[in-house]
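Engineer: The residues making up each chain are set out below.
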Amino acid sequence: DIQMTQSPSSVSASVGDRVTITCRASQGIRSWLAWYQQKPGKAPKLLIYVASSLQSGVPSRFGGSGSGTDFTLTISSLQPEDFATYYCQQAYSLPLTFGGGTKVEIK
Amino acid sequence: QLQLQESGPGLVKPSETLSLTCAVSGGSISSTTDYWGWIRQPPEKGLEWIGTIYDRGNTYYNPSLESRVTILLHTSKNQFSLNLSSVTAADTAVYYCARVGGTPPLRYVMDVWGQGTTVTVSS
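Going line by line, the protein sequences match chains S and X.
Convert by adding 580 to the 1-based position in the first sequence; the result is the number in the numbering used here.
Convert by adding 1067 to the 1-based position in the second sequence; the result is the number in the numbering used here.
It should be emphasised that the hints constitute simulated quantities derived from the structure, not laboratory data.
C-beta: ideal position from N, C-alpha, C; glycine also.
Heads up, a few of these hints could be off.
To give an idea of the chain X side of the interface with chain S (calculated C-beta under 8 Å), a few residues [claimed, not checked]:
{"#": "1", "residue": "1113"}
{"#": "2", "residue": "1114"}
{"#": "3", "residue": "1163"}
{"#": "4", "residue": "1173"}
{"#": "5", "residue": "1175"}
{"#": "6", "residue": "1181"}
{"#": "7", "residue": "1182"}
Given the sequences, and given the hints that come with them, work out the whole structure.
Structural biologist: Right under this line is the structure:
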């Protein structure tokens, strides 16, 4: 199985801050990586797929980059509605696996 | 607009079988380009992929659960289901159904999710 490791596990930030979350795969997955946002009590929401493609309706302040084993999710200017937990997921091979999550909290 | 809705018992006894259904509306479960899957999330923990079904019944299961999991399509009802046998407290979780992309660039990506249903395993 491909292991996905996210860092940090939590980050405190203020509205307007730039936030960067990283995800590392235990083996190369080319660009087969997705990012999800989950708010408390809600289902995850797809933000980005194939590492850098923005899902329809997702604000352009969200951006993804990377390939191979190292990936990044960047929120260019944090908004109040962005406080949530973010997960990466490899879409390269089965079984599908997720990172442990990064909680973005209000500073 | 595609929507998914999970249903099933919220409480299951240890050693029994957990059974959930996902009703799909706004689209056909018989689509040749869409897969369908189940994901779970234990309390205060991360996401775990359970398995995926596609193309009239082909399945992929998480090896960690494979001996206990069955996912089926019910095309006449536009639904798919999850059975998880011999449950223990470790199976307590929110269970989500989702559409899983079957072709690039959304291959193996969950782009539409149900709201989730909480299942507690307890006597």
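Engineer: Please go over all the hints and tell whether each is borne out by the structure.
Structural biologist: Hint by hint, here is what the structure shows:
1. 1113: 5 Å, holds
2. 1114: Hint on residue 1114/X: holds, closest Cβ of chain S at ~4 Å, below 8 Å.
3. 1163: Interface hint status for residue 1163/X: holds (6 Å vs cutoff 8 Å).
4. 1173: 6 Å, holds
5. 1175: 4 Å, holds
6. 1181: 7 Å, holds
7. 1182: At 6 Å from the nearest chain S Cβ, residue 1182/X passes the 8 Å test, so the hint holds.
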